[in-house]
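Participant: Going by the working numbering, the sequence shown opens with residue 1, and the numbers climb by one from there.
Quick list of the computed label-pair ranges, beta carbon to beta carbon: (1) Gln324 / Arg204: 46 to 52 Å; (2) Trp446 / Ala362: 46 to 52 Å; (3) Arg285 / Pro110: 54 to 60 Å; (4) Pro113 / Ala362: 34 to 40 Å; (5) Trp381 / Leu451: 36 to 42 Å; (6) Ile367 / Leu434: 32 to 38 Å; (7) Gly29 / Pro450: 17 to 23 Å; (8) Ala102 / Gly29: 32 to 38 Å.
Straight-line Cα separation of at most 16 Å, EDC-like style, residue types lysine to aspartate or glutamate; simulated pairs: (9) Lys409 / Asp284; (10) Lys199 / Glu139; (11) Lys290 / Glu470; (12) Lys209 / Glu84; (13) Lys409 / Glu359; (14) Lys199 / Glu136; (15) Lys221 / Glu359; (16) Lys290 / Asp412.
Simulated from the structure, these hints should not be mistaken for laboratory data. All C-beta atoms in this analysis are idealised placements derived from N, C-alpha and C, irrespective of residue type, glycine included.
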Amino acid sequence: MAPGTDPQIAGKVVHGSLISGVSSVVTIGLGFVRTILLTIFLLPDDVGVVTQALFFVTLAAQIRMPGIDRALIQREDTPAGFFETYFTLRTALVLVSIGIMAGLTPFIAPFYPDMPLLALILIAFLLIEIPKAFNEVQEIINRRNLSFGAIAQADMASAVFSTIAAPLLAWLGLGSWSLVGERVAAQAARGAVFWLLGKPQRLRVGFDKQIARWFWNFGIKVWAGGTLTFVLDRFDDFWVGLTLGQSPLGLYSRAYEFARYPRSVVGVPVLSVFYATFARLQADRLRLSKAFFRAAGVIVRVGFLFSLLFILTAPEFIQLLGEQWLPMQTTFQLMVVYTLLDPLGMAAGRLLTAVNHPELTARSRGIQLLIFVPAVILLNWWQGIVGVAIAADIMAAVGIVFLFHHTRKFVDYSMRVLFFWPTVALVGTAVPVLLLTPTWQQLNPWLALPLKLLLIFLLYVTILWLTEREQLKSIWQIIWNLAQPSLARFRHRGD
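Kindly produce the complete structure, drawing on both the sequences and the hints.
Facilitator: See the structure below:
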């Protein structure tokens with residue numbers, strides 16, 4: 001039997017995919033509810049100081065070389081001392097990174113005079129990183145062993161407990177500390193699942209120089225790309241907090257938090273399925289082209305719908321969150337554009353990686369970095385957080401242009417077919433909804449919001465149904481095929 005065709009492994013992968021799918025629905029749904037409740041109960045200042053603290057926590061995490069976790073999963077053989085060396089090396093890197101950042105905290109805090117709680121909250125988050133590190137070790141080992149059930153249970157338990165704890169603490173008036181409590185609750189729940197309810201891997205301290213060198217060499221290769229991604233993902237937070245302060249950072253951070261949900265719902269699930277397909281079809285240009293067009297087609301059509309829903313209902317949605325969040329409306333709408341563009345770039349990047357050209361994706365990230373950093377600095381100076389959101393959109397657009405240009409070497413597709421009718425549907429939906437703005441303004445936001453959502457959905461789907469009926473059927477078939485195993489499993493349990 002060929003490697004990778006073991007029925008037991010295949011069964012674990014299928015079972016894990018089903019559980020992970022259910023877990024994703026639960027965690028994304030609860031995460032959205034939790035974010036709404038916290039936004040209602042908190043002020044931009046509360047969110048801003050926590051966002052700034054988390055930037056430095058994530059910066060410290062770069063010292064740990066996350067690549068050694070991938071190394072543990074990737075290596076098939078496990079010589080004597082393998083797990084002991086991994087545990088020792090990882091724990092040492094965690095403690096060193098925490099120690100370095102804790103030592104730098106007294107020097108960092110003076111740069112943020114409008115954030116008096118920054119030092120205390122940063123130290124609190126660094127302390128939480130210790131139990132988090134032990135939980136992560138168990139998660140990585142479970143992932144290596146294809147024990148996805150334990151990971152899904154931990155994800156769901158974490159989502160449930162943090163959704164209860166954080167909004168309750170915020171409602172009680174703890175402000176920024178409620179977001180610290182959110183992390184405490186999440187790690188406590190994960191620890192209970194991995195260490196008390198599950199079958200934890202026994203971990204011992206040990207060290208083998210040869211194995212440690214292998215981990216180091218593997219991790220250092222991944223570290224450069226991870227650091228580049230970190231800068232692209234977090235430089236805007238850092239610069240907004242440093243130059244504008246905690247309140248604008250809170251507004252910017254929360255705008256991105258809400259705007260990223262379309263990507264979580266559309267881009268990530270689709271690409272998680274299609275990446276393996278891309279890799280398998282890399283030698284068959286025709287079938288690979290069809291698979292890529294289907295993936296990109298789903299992202300464009302469903303992504304445009306979600307973007308319309310979020311952008312056009314932003315005035316009512318943000319009004320319901322509280323007047324303290326009204327200044328983030330334009331930023332939020334611009335960030336939705338970014339989270340629409342980003343999955344398209346991810347699709348092209350996954351294709352290029354699947355056909356053994358990951359260097360093109362890395363080159364794209366490098367070009368984006370060269371544009372993004374100066375754009376953030378200049379546009380932040382000109383337009384504040386709105387300018388930073390524009391910089392993010394420019395960065396995403398540049399990445400798409402570069403990556404889609406290079407996909408032409410490996411697949412054939414029509415950009416007109418991919419984008420034309422969805423764009424017509426987008427414009428055909430947006431224009432009448434915007435023309436009705438005086439009507440929406442006269443209605444109570446609790447009434448205007450559902451009416452807008454319904455009108456947007458009906459207009460967009462109707463236009464696409466009239467122009468691209470077969471494409472919509474294809475999208476529905478993809479969704480149905482993904483759901484079939486879960487439905488069959490549900491029926492089986494009911495029998």
